[in-house]
Structures are given as C-alpha cells and as structure tokens.
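Enquirer: Okay, here's what each chain looks like letter by letter:
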Amino acid sequence: MKTLNKAYIIGAGETKYGELWEKSLRELAVEAGLKAVENAGIFSKEIEVLYGSNSLAGTINGQENIGSLISDFSGIAENNIPAIRIEASTASGGAAVRQAYLAVKSGEYDVVMVGGVEKMTDIYGSEIIDLTSSVLDREWEAFLGATPAALAAMSARKYMKDFNVPKEALAMVSVNDHLNASKNSHAQYRNKITLEQALNATPVAEPLNLMDCSPVSDGAAAVIVASEKYVKKNGIEGVEILSSAASQDYLAVHSRKSIYRLDSTVLAAREALGKAKLKLDNISFSEIHDSYSIYGLMELEDLGFAEKGKAKDLVYDEIKLNGRIPVNPSGGLKAKGNPFGATGVGQFVEAYTQLKGKAGERQVKSPVNALLHNMGGTGSTSVVHILGGVA
Amino acid sequence: MGELSRFWRESEHRYRLMGTKCGNCNVTYFPPRDICPKCHRESIGKMKPVQLQGKGEIISFTIVHDSPPRFIRQRPYFMALIKLDEGPTITGQIVDCDADEVDIGKRVRTVFRKIAEEGKSGIIEYGYKFIIDQ
Ligand SMILES: [Zn+2]
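Line by line, the protein sequences give chains A and B.
When you line the first sequence up against the numbering used here, it's residues 1 to 391, in that order.
When you line the second sequence up against the numbering used here, it's residues 1 to 134, in that order.
Among the clues, some could well be false.
[Said to hold, decoys possible] Once the Cα atoms are required to be at most 27 Å apart in a straight line, the calculated DSS-like pairs of lysine-lysine come out as: (1) A:K257 - A:K310; (2) B:K83 - A:K161; (3) B:K21 - A:K310; (4) A:K277 - A:K229; (5) A:K308 - B:K106; (6) A:K257 - A:K275; (7) B:K106 - A:K158; (8) B:K48 - A:K158; (9) A:K257 - B:K106; (10) B:K38 - A:K257; (11) A:K308 - A:K158; (12) B:K83 - A:K167; (13) A:K257 - B:K114; (14) A:K158 - B:K83; (15) B:K38 - B:K21; (16) B:K38 - A:K308; (17) A:K257 - B:K46; (18) A:K308 - B:K48; (19) B:K83 - B:K48; (20) A:K161 - B:K106; (21) B:K48 - A:K257; (22) B:K48 - A:K167; (23) B:K83 - A:K257; (24) A:K257 - B:K21; (25) A:K161 - B:K55.
Keep in mind that the hints were calculated from the coordinates and are not lab data.
Bear in mind the structure is a predicted one, so any value in this text is a computation, not a measurement.
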C-alpha cells in the first residue's frame with residue numbers, strides 16, 4: 001500500500017482520573033485539551049479539525065453535541081473548524097484517534113486535535129449500571145438483567161472451566177494494574193493490592209468481584225496529531241503512529257462464535273501489526289483494554305501473546321513493568337481508571353509519555369514500539385494502534 | 001421517553017420466543033433478524049418467523065450482585081447464556097432454583113415471567129426466564 005503521509009503524535013495531556021466531584025464535563029475536556037496544546041508547543045489557532053470522543057454524556061450529563069462543547073470552551077469557537085464527536089462505546093477514544101490518523105494520512109489536514117472525556121460521577125448509586133449497560137444490546141441483554149460485569153463474568157466462568165485457569169490468574173491482572181498505577185500520579189487508585197485482597201473483595205457478578213472490575217471514573221485525555229510535513233517544518237520530535245486498525249463483531253455476546261475469544265481484537269491486532277510490518281517481538285509494551293480482569297487474559301491471547309487458555313503463564317511475571325512484555329504501565333483500566341470516552345485517548349497519552357522516555361518511576365526500559373488496544377462494549381469493537389520510536 | 005414504544009415493539013418476540021429462520025441456509029436466529037449474516041442479500045425476503053421451544057443447555061452463568069435499579073429487588077440473581085436446541089444462544093435469567101442446581105451443561109427451559117418493574121412509570125415488563133428442566 002502506498003503511504004501518503006506519516007502521522008505523528010506531537011503533544012499529549014490528561015487530567016487525573018477519578019471521582020472528580022469538583023470538575024464538570026467541560027472543565028475536564030478543556031483541562032486535557034490545553035495540556036495537550038501546551039505540550040505540543042503549538043498555537044490553538046493551528047488546529048484544523050477537532051474530534052471529541054465520548055460515550056455516555058447524552059444520558060449521564062444530558063449533554064450531546066460534544067464536539068461543539070469542547071471547541072467552544074477550549075476557546076476556539078471563532079476558529080470555526082470542524083468539531084465532531086466520535087462514538088464507539090468504550091472504544092470511542094481509539095476510534096477518534098484513528099479518525100485523526102486517517103485525516104492526516106489523507107493529506108487533508110496537518111494538525112488535528114483529539115479530546116476524549118467522560119464525566120460518570122454525575123449519576124448516583126446503581127443508576128450508573130443501567131447507563132453503562134447501554135454499551136450492550138439493550139433489548140436482548142440489558143433488558144433481561146445482564147450488565148457489562150455479568151457478561152464478563154460468564155466469559156470468565158466458561159474460560160476458567162475449559163482451560164483449567166484458577167481465579168488467581170485473573171486477580172494477577174488487577175494486581176499488576178494497581179502496582180503500576182501506584183507510580184502514576186494521574187491514576188484513580190494508587191494503592192497496591194495483594195493477591196489475597198484481589199481474591200477476597202465483594203462479589204459483583206460471580207466469579208468476578210470488585211477487584212476484577214474497572215471503576216466508575218471521571219477524566220479527560222487529549223492528543224495532537226500532526227503530519228510529517230508539519231513535524232519537519234517545525235522541527236518537532238513526534239511519536240509516529242505506525243498503523244491503525246479497527247474491527248467489529250456482533251453487538252451481543254450471545255451472537256458471537258466464542259464467548260471467550262474476541263474476534264474483533266484478533267483481526268484488528270493482526271491488521272495493525274501487518275500494516276506496521278512488525279511482530280509482537282518488536283513491541284516494547286502494551287496498553288490493553290482490561291475493563292474486567294478476564295478481558296486482560298483473553299486480550300493477551302487474542303492479540304497473539306499466548307495461545308488460547310495460556311495467558312495464565314504470562315500474568316505472574318512477564319506482564320510486569322520490568323517483565324518481558326510489560327502490560328499497562330499506566331495502571332490500566334482497573335487502576336488508572338476507565339472514563340469511557342477518555343480511556344482510549346489516555347492510552348496514547350501513556351504511550352507518548354513512555355516513548356519519549358518521560359514516564360518517571362514507571363518508565364519502561366528503552367521502549368521502541370507500543371501496542372494500544374481499545375475495546376468497545378464486551379468486544380463488539382476493537383481498535384488497535386502501533387506507535388513507534390521517536391522521530 | 002421512548003421506553004414504552006421500544007419494548008412494546010419487541011414484546012411479541014419476547015412473549016412467544018419467536019426467532020427467525022433463514023430460508024436460504026436454514027440457520028435459526030434469536031433475537032429475530034431481517035438479514036442473515038451468512039447469506040446477506042440472498043436472504044432478503046426469505047427470513048421466516050419461527051417458534052422456538054425454549055429448551056436448551058447452560059453454556060455459562062453468573063450470580064449478579066450489582067444490578068441496575070430495575071433489578072435491585074431480585075438480587076442476587078442468576079444470569080446465563082443458554083444454547084437453545086434450535087441453535088441460537090440466548091441471554092436470560094435462571095429462576096426458581098437453589099444455587100447448587102445451576103451449572104454449566106444443565107438443561108433448562110423457558111417460563112413466562114415478570115422481568116422488572118420500571119420505577120418511574122410503574123410499568124411491569126414481561127418476558128422469558130429459564131428454570132432448571134428436571
Ligand atoms: Zn442464511
């Protein structure tokens with residue numbers, strides 16, 4: 001395939017993730033956006049198009065038209081640039097960066113901003129479970145009492161039985177996330193947890209408990225994507241987006257070929273690695289969408305790091321920050337947090353920081369390439385990006 | 001709110017467990033589909049309504065403790081993925097059973113029950129649940 005333009009991340013910024021009672025949807029978006037602009041060292045008037053990524057503001061905050069909201073309160077309303085919201089459930093962030101990548105690759109734009117935001121704590125109590133269940137098939141899953149956690153739990157139970165995987169292996173995914181998050185000042189949970197604590201938390205949907213499930217989070221993340229032309233002209237050291245792939249599967253788990261193989265992830269990973277002409281051996285670290293601990297195991301397999309049922313051999317040592325295949329140096333969805341529309345963009349913030357060698361205490365040793373995996377719903381959408389070496 | 005019309009629209013299929021069968025490849029689907037994902041345009045006009053017997057086998061299950069408001073009075077409750085004898089897999093609750101009766105591979109059959117009560121409107125929603133098929 002002919003490569004028209006290369007696309008680079010030239011700046012990134014994010015808010016802290018967590019229960020940020022004092023901050024509104026728009027304040028979060030603006031904070032992350034301004035950090036990214038400042039980090040890139042560009043002027044906001046240079047931004048030619050803005051993609052806002054968000055999943056649930058329409059129901060949680062009663063606010064749609066997120067593109068305009070971000071554009072307006074970032075102070076660029078009078079630039080009159082296109083500002084569009086990208087929605088792909090919990091994969092909105094990855095999908096939005098992918099749009100920015102395509103916009104630059106096409107040659108149409110040189111500087112694109114992506115801002116992901118979610119403000120989930122505006123809803124109290126169990127109502128949030130109903131709203132997050134809108135990422136499922138409302139009529140044939142959620143209506144009958146299924147929740148995202150329940151569906152992950154059913155994948156987990158069958159997986160554990162068929163491959164003789166102990167619950168400990170699932171818990172280790174969360175233990176790793178918390179350990180890495182303890183070194184990330186933006187993370188929602190910075191406490192380390194023991195295997196014992198992970199195994200004995202309050203049940204949510206058996207066999208999954210509170211420590212298997214990503215939390216309800218507020219947060220925003222933003223990146224600036226620029227063309228090769230812009231990067232060269234301005235002497236900027238960006239991080240190249242080597243490839244981008246997205247794939248789709250049936251919306252409901254009950255319609256899929258397997259309840260513990262994520263075909264959208266298998267396909268997106270294969271395509272992204274192929275387009276980047278890289279193998280998993282070339283990946284220095286990964287950020288994966290482990291919204292539930294079981295997905296951490298399934299994704300390691302479906303991305304190609306292990307045969308089906310064998311990810312249990314990776315989660316005790318290999319995925320650690322200093323292990324063979326570091327996974328979620330940011331703290332992942334369990335501990336950094338999972339503000340739906342921001343989550344996928346936040347993975348780019350982490351990768352950019354890591355590849356620039358600026359991750360401090362949680363710095364992966366001499367990273368060259370990163371794999372980012374962002375997933376929508378229970379696996380209906382997967383978006384995979386490969387980022388590579390400093391330009 | 002669109003709640004009422006949305007659920008009335010699907011109620012016949014929920015009440016009677018009506019699926020569709022592709023006249024081209026003979027695969028049975030539930031929930032019902034207008035297009036067969038295997039045959040695409042070859043299936044247009046050939047998707048026939050089919051009555052499912054509601055019998056099948058538990059593929060996997062969970063006990064839900066954290067639920068949306070509509071289900072709070074039923075907690076904790078069993079949710080399961082059930083492979084119906086006609087082929088499709090379906091998501092539903094398992095009721096009227098002891099915890100040790102539910103397991104992967106157990107046979108179940110549908111019953112018609114109250115699914116939930118909408119807090120604000122007071123509307124009672126009905127549909128299928130499953131019981132252990134002794
Ligand atoms: Zn067919």
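Enquirer: Now, for every hint given, state plainly whether the structure supports it.
Expert: Hints, one by one, checked against the model:
1. Straight-line distance between C-alpha atoms of K257 (chain A) and K310 (chain A) comes to about 20 Å, which keeps the hinted pair within the 27 Å bound.
2. For the given pair, K83 (chain B) sits about 17 Å from K161 (chain A) by alpha-carbon distance, which is consistent with the 27 Å threshold.
3. A hinted pair counts as satisfied when its Cα atoms are at most 27 Å apart, and K21 (chain B) with K310 (chain A) does not qualify at roughly 37 Å.
4. With a C-alpha separation of about 23 Å, the suggested pair K277 (chain A) and K229 (chain A) falls inside the 27 Å cut-off, and the hint holds.
5. With a C-alpha separation of about 25 Å, the suggested pairing of K308 (chain A) with K106 (chain B) holds against the 27 Å cut-off.
6. Under the criterion of a C-alpha separation no larger than 27 Å, the hint pairing K257 (chain A) with K275 (chain A) is consistent with the structure, at around 26 Å.
7. Restraint check: the Cα-Cα separation between K106 (chain B) and K158 (chain A) comes to about 13 Å, which is no more than 27 Å; the hinted pair holds.
8. Distance restraint check for K48 (chain B) and K158 (chain A): the Cα-Cα separation of roughly 32 Å exceeds the 27 Å cut-off, and the hinted pair is therefore not satisfied.
9. Using a Cα cut-off of 27 Å, the hinted pair K257 (chain A) and K106 (chain B) holds, with the two alpha carbons roughly 21 Å apart.
10. In summary, the hint linking K38 (chain B) to K257 (chain A) is supported, as the alpha carbons are separated by about 13 Å, within the 27 Å threshold.
11. Using a Cα cut-off of 27 Å, the hinted pair K308 (chain A) and K158 (chain A) holds, with the two alpha carbons roughly 13 Å apart.
12. Under the criterion of a C-alpha separation no larger than 27 Å, the hint pairing K83 (chain B) with K167 (chain A) is consistent with the structure, at around 25 Å.
13. Distance restraint check for K257 (chain A) and K114 (chain B): the Cα-Cα separation of roughly 30 Å exceeds the 27 Å cut-off, and the hinted pair is therefore not satisfied.
14. Proposed proximity of K158 (chain A) and K83 (chain B) is supported: the alpha carbons are some 13 Å apart, at most 27 Å.
15. Only pairs whose Cα atoms come within 27 Å are accepted, and K38 (chain B) paired with K21 (chain B) is accepted, the gap being roughly 12 Å.
16. Proposed proximity of K38 (chain B) and K308 (chain A) is supported: the alpha carbons are some 26 Å apart, at most 27 Å.
17. A C-alpha spacing of about 23 Å is found between K257 (chain A) and K46 (chain B), which places the hinted pair at or below 27 Å, so the restraint holds.
18. Annotation: proposed proximity of K308 (chain A) to K48 (chain B) is violated, straight-line Cα distance about 37 Å (limit 27 Å).
19. Between K83 (chain B) and K48 (chain B) the CA atoms are separated by roughly 20 Å; this keeps the pair inside 27 Å, and the hint holds.
20. Restraint check for K161 (chain A) and K106 (chain B): the C-alpha separation of about 15 Å stays at or below 27 Å, so the hint holds.
21. About 23 Å separates the Cα atoms of K48 (chain B) and K257 (chain A), which keeps this hinted pair within 27 Å; it holds.
22. Distance check on the hinted pair: K48 (chain B) and K167 (chain A) sit about 44 Å apart at the alpha-carbon level, beyond 27 Å; violated.
23. The hinted pair formed by K83 (chain B) and K257 (chain A) meets the criterion: a straight-line CA distance of about 12 Å does not exceed 27 Å.
24. Between the alpha carbons of K257 (chain A) and K21 (chain B) the distance comes to roughly 18 Å, so the proposed pair stays at or under 27 Å and holds.
25. A threshold of 27 Å between alpha carbons decides the hint, and for K161 (chain A) with K55 (chain B) the separation of about 23 Å falls inside it, so the pair holds.
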